[in-house]
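From just these sequences and the hints, can you work out the full model?
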Amino acid sequence: MVNEEKVKLMTKLAIYENTKGKKQLNISKYYKRDYVRFQMFKTAVSSTIAFMILLFAYCMLNAEQLLLELNDLDFLGVAAKVGVLYVVFLVIYMLVAWVVYANKYEKIKPDVVMYNRNLKRLKEMYDREEKEMKEKRAGRSVTTDNDNIDQY
Amino acid sequence: MTTLINIRDSVKDFLTKYEKIAIPVLKFVGMFLVLMSYTNIMGYSTQMNNPAVKFILSLICAFLPMQIMVLVAGLVGLLHMYAVGIDIAAVYLVMFILMYLLYVRFAPKHGWIIMILPLLYMLKLHYMIPIMISIFVGPVGIVPMIFGVIFYYFSLHVKELVALLATASEENSIQGFSYVLNAMLSDKAMLLTILVFVLVIAVTYIIYRQSFEYSWLIAIGTGTILGIILFLVGGIVLEADVNILVIFLGSIGGAVLALIAQFFKGVLDYSRTETVQFEDDEYYYYVKAVPKVKVSEQNVKVQKISSKTVRNEAEKQAAARRTAEQPIRRTVSEHPQPIRRSEADRLRGDMNSVDR
Numbered sequence: 000m001v002n003e004e005k006v007k008l009m010t011k012l013a014i015y016e017n018t019k020g021k022k023q024l025n026i027s028k029y030y031k032r033d034y035v036r037f038q039m040f041k042t043a044v045s046s047t048i049a050f051m052i053l054l055f056a057y058c059m060l061n062a063e064q065l066l067l068e069l070n071d072l073d074f075l076g077v078a079a080k081v082g083v084l085y086v087v088f089l090v091i092y093m094l095v096a097w098v099v100y101a102n103k104y105e106k107i108k109p110d111v112v113m114y115n116r117n118l119k120r121l122k123e124m125y126d127r128e129e130k131e132m133k134e135k136r137a138g139r140s141v142t143t144d145n146d147n148i149d150q151y
Numbered sequence: 000m001t002t003l004i005n006i007r008d009s010v011k012d013f014l015t016k017y018e019k020i021a022i023p024v025l026k027f028v029g030m031f032l033v034l035m036s037y038t039n040i041m042g043y044s045t046q047m048n049n050p051a052v053k054f055i056l057s058l059i060c061a062f063l064p065m066q067i068m069v070l071v072a073g074l075v076g077l078l079h080m081y082a083v084g085i086d087i088a089a090v091y092l093v094m095f096i097l098m099y100l101l102y103v104r105f106a107p108k109h110g111w112i113i114m115i116l117p118l119l120y121m122l123k124l125h126y127m128i129p130i131m132i133s134i135f136v137g138p139v140g141i142v143p144m145i146f147g148v149i150f151y152y153f154s155l156h157v158k159e160l161v162a163l164l165a166t167a168s169e170e171n172s173i174q175g176f177s178y179v180l181n182a183m184l185s186d187k188a189m190l191l192t193i194l195v196f197v198l199v200i201a202v203t204y205i206i207y208r209q210s211f212e213y214s215w216l217i218a219i220g221t222g223t224i225l226g227i228i229l230f231l232v233g234g235i236v237l238e239a240d241v242n243i244l245v246i247f248l249g250s251i252g253g254a255v256l257a258l259i260a261q262f263f264k265g266v267l268d269y270s271r272t273e274t275v276q277f278e279d280d281e282y283y284y285y286v287k288a289v290p291k292v293k294v295s296e297q298n299v300k301v302q303k304i305s306s307k308t309v310r311n312e313a314e315k316q317a318a319a320r321r322t323a324e325q326p327i328r329r330t331v332s333e334h335p336q337p338i339r340r341s342e343a344d345r346l347r348g349d350m351n352s353v354d355r
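So the sequences go chain by chain: A and B.
With numbering that gives the first Met the number 0 as the guide, the letters of the first sequence map in order to residues 0 to 151.
With numbering that gives the first Met the number 0 as the guide, the letters of the second sequence map in order to residues 0 to 355.
Read the hints as simulated data drawn from the structure, not as lab findings.
Cβ coordinates follow ideal geometry from the N, Cα and C atoms, glycine included.
Treat the hints with care, as some may be off.
[Unchecked claim] Restricting the straight-line Cα-Cα distance to at most 20 Å, the calculated cross-link-like pairs of lysine to aspartate or glutamate (EDC-like) are: (1) Lys287(B) with Glu4(A); (2) Lys108(A) with Asp33(A); (3) Lys19(A) with Asp86(B); (4) Lys264(B) with Asp279(B); (5) Lys158(B) with Glu273(B); (6) Lys21(A) with Glu131(A); (7) Lys5(A) with Asp279(B); (8) Lys7(A) with Asp279(B); (9) Lys22(A) with Glu273(B); (10) Lys291(B) with Asp8(B); (11) Lys11(A) with Glu278(B); (12) Lys291(B) with Glu4(A); (13) Lys122(A) with Glu278(B); (14) Lys122(A) with Asp33(A).
[Claimed, not checked] Computed list of chain B residues with no C-beta within reach of chain A, every gap over 12 Å: (15) Asp12; (16) Leu14; (17) Tyr17; (18) Leu25; (19) Leu32; (20) Thr38; (21) Asn48; (22) Tyr81; (23) Leu101; (24) Tyr152; (25) Leu155; (26) Ala165; (27) Ala201; (28) Ser210; (29) Leu258.
Here's what the structure looks like:
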């Protein structure tokens, strides 16, 4: 027979898995620290690329002036300036990423906890069902034995 | 006020009931309008100006998630830019990539703000943007809004460039991308718009979040007035060209729309009917889960089911009140027979308990 409680529980779990859970369960596979670090690493890569694009765009825009000054350009000084800019840019972005992803992880926590709790309840339900089934079977086998005995 | 609330409830009911059709239709209409505004503002690519192409694209987007819609809109913009020149398209693409790397990665949900800005500009309703963002999105919306404004002004300068190219002789050819970029970097109107929008969002949001009564009304009012003043003052100080009449009419129209939007806020975040499939050792389950909702005033069909069991008029009224207050499955008629019967039984049980 269909166990209504079990179906309700399974439905709730399935709905979560199909909607919010898709992303959240993926995130919850990681520990918070690992998740945030991984995302920060990705942010570092993307913001480095973005910085390079910005730098390139700046050079293109001021190409004429740069070409004029090319001969007496203090390369080391310029490189140091660019380096400092890059570090500042990166640090800002890392901070943003840290806040954003740490918050994100905290935000999904209650949902995942609820999901796990429901999952546990479902498992308990299964265990109970199995136990009842075993007892029933054992009981029936005993009665049949008894029947047999009675017949004798 | 009650009529208004009833209208809102019936809109919500309608959306919940027919969401499988209503949401794609809304998406289709939205995307079509957005593409139309792109044609209006850019409109360089003849293929993309073709109504049939817009129609088909919108139709496809109706069934795609929002993020993909934003991407499609971005690609349409790219094609328009490509029709002007490959260098302009390259600049546009670089801006797009930068936007993705620097922002969309963090909050892909709010990309639609960037997509929808040209449409609001076309309708001259852009003065409501900051108020709408502070009501619906909050300060997170500031960054996509800035990107949206930048993209809009970019397309404006491309328009200038196209006009210039049409008149220019071949000898003094203009370098397209540097013209557009320099025009953008020295564009005071764009800077003013961004500054005012950010300020208005901050102020409106802070007031909106206060807990005193009618804070939403005061927030919208303050935001609107602040927007008008800042645009006028900023326009004079920065010597950017601003049209006073457009600012006034646009701001007030925007405020009215914001009030309507505030009233209908929350209509779209209902819990949806879900259809799920799963299995265990014994069965396959195909479950349709209908969220419980409160019955609106006019939806009194339920009373008829149980009216037989109610004896006198007073009891009937009490019972009806109880039924109406109770959350029940609204789409009773959609259920297969056994459920419907059990629903009726349950209600009758309630009635009986009232009788006693």
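For this session: Examine each Cβ of chain A, and state whether all of them lie more than 12 Å from the Cβ of Leu258(B).
Result: holds (30 Å)
For this session: Over 12 Å to the closest beta carbon of chain A is the bar; see if Thr38(B) clears it.
Result: holds (28 Å)
For this session: Please work out if Lys108(A) and Asp33(A) have their alpha carbons no farther apart than 20 Å.
Result: Holds. Lys108(A) to Asp33(A) sits at ~15 Å (cutoff 20 Å).
For this session: Below or equal to 20 Å on CA atoms is what counts here, so check Lys287(B) against Glu4(A).
Result: At roughly 15 Å apart (the allowed maximum being 20 Å), Glu4(A) and Lys287(B) satisfy the hint.
Exercise. Holds or violated: is the Cβ of Tyr81(B) farther than 12 Å from all Cβ atoms of chain A?
Worked result: holds (19 Å)
For this session: Mind checking the alpha carbons of Lys122(A) and Glu278(B) for me, to see if they're no more than 20 Å apart?
Result: Holds: Lys122(A) and Glu278(B) sit about 14 Å apart, inside 20 Å.
Exercise. If you draw a straight line from the CA of Lys7(A) to the CA of Asp279(B), is it 20 Å or shorter?
Worked result: holds (13 Å)
For this session: Take a quick look at Asp12(B) and tell me if its Cβ sits farther than 12 Å from every Cβ on chain A, holds or violated.
Result: holds (21 Å)
Exercise. Would the pair Lys22(A) and Glu273(B) pass a check requiring their Cα atoms to be no farther apart than 20 Å?
Worked result: holds (18 Å)
Exercise. Does the claim that Ala201(B) lies off the interface hold, with its Cβ farther than 12 Å from every Cβ of chain A?
Worked result: holds (18 Å)
For this session: Compare the distance between the alpha carbons of Lys122(A) and Asp33(A) with 20 Å, and conclude whether the hinted pair is satisfied.
Result: violated (29 Å)
Exercise. Between Lys19(A) and Asp86(B), does the CA-CA distance stay at or below 20 Å?
Worked result: violated (42 Å)
In this structure, the hints that do not hold are numbers 3, 4, 5, 6, 14, 23, in rising order.
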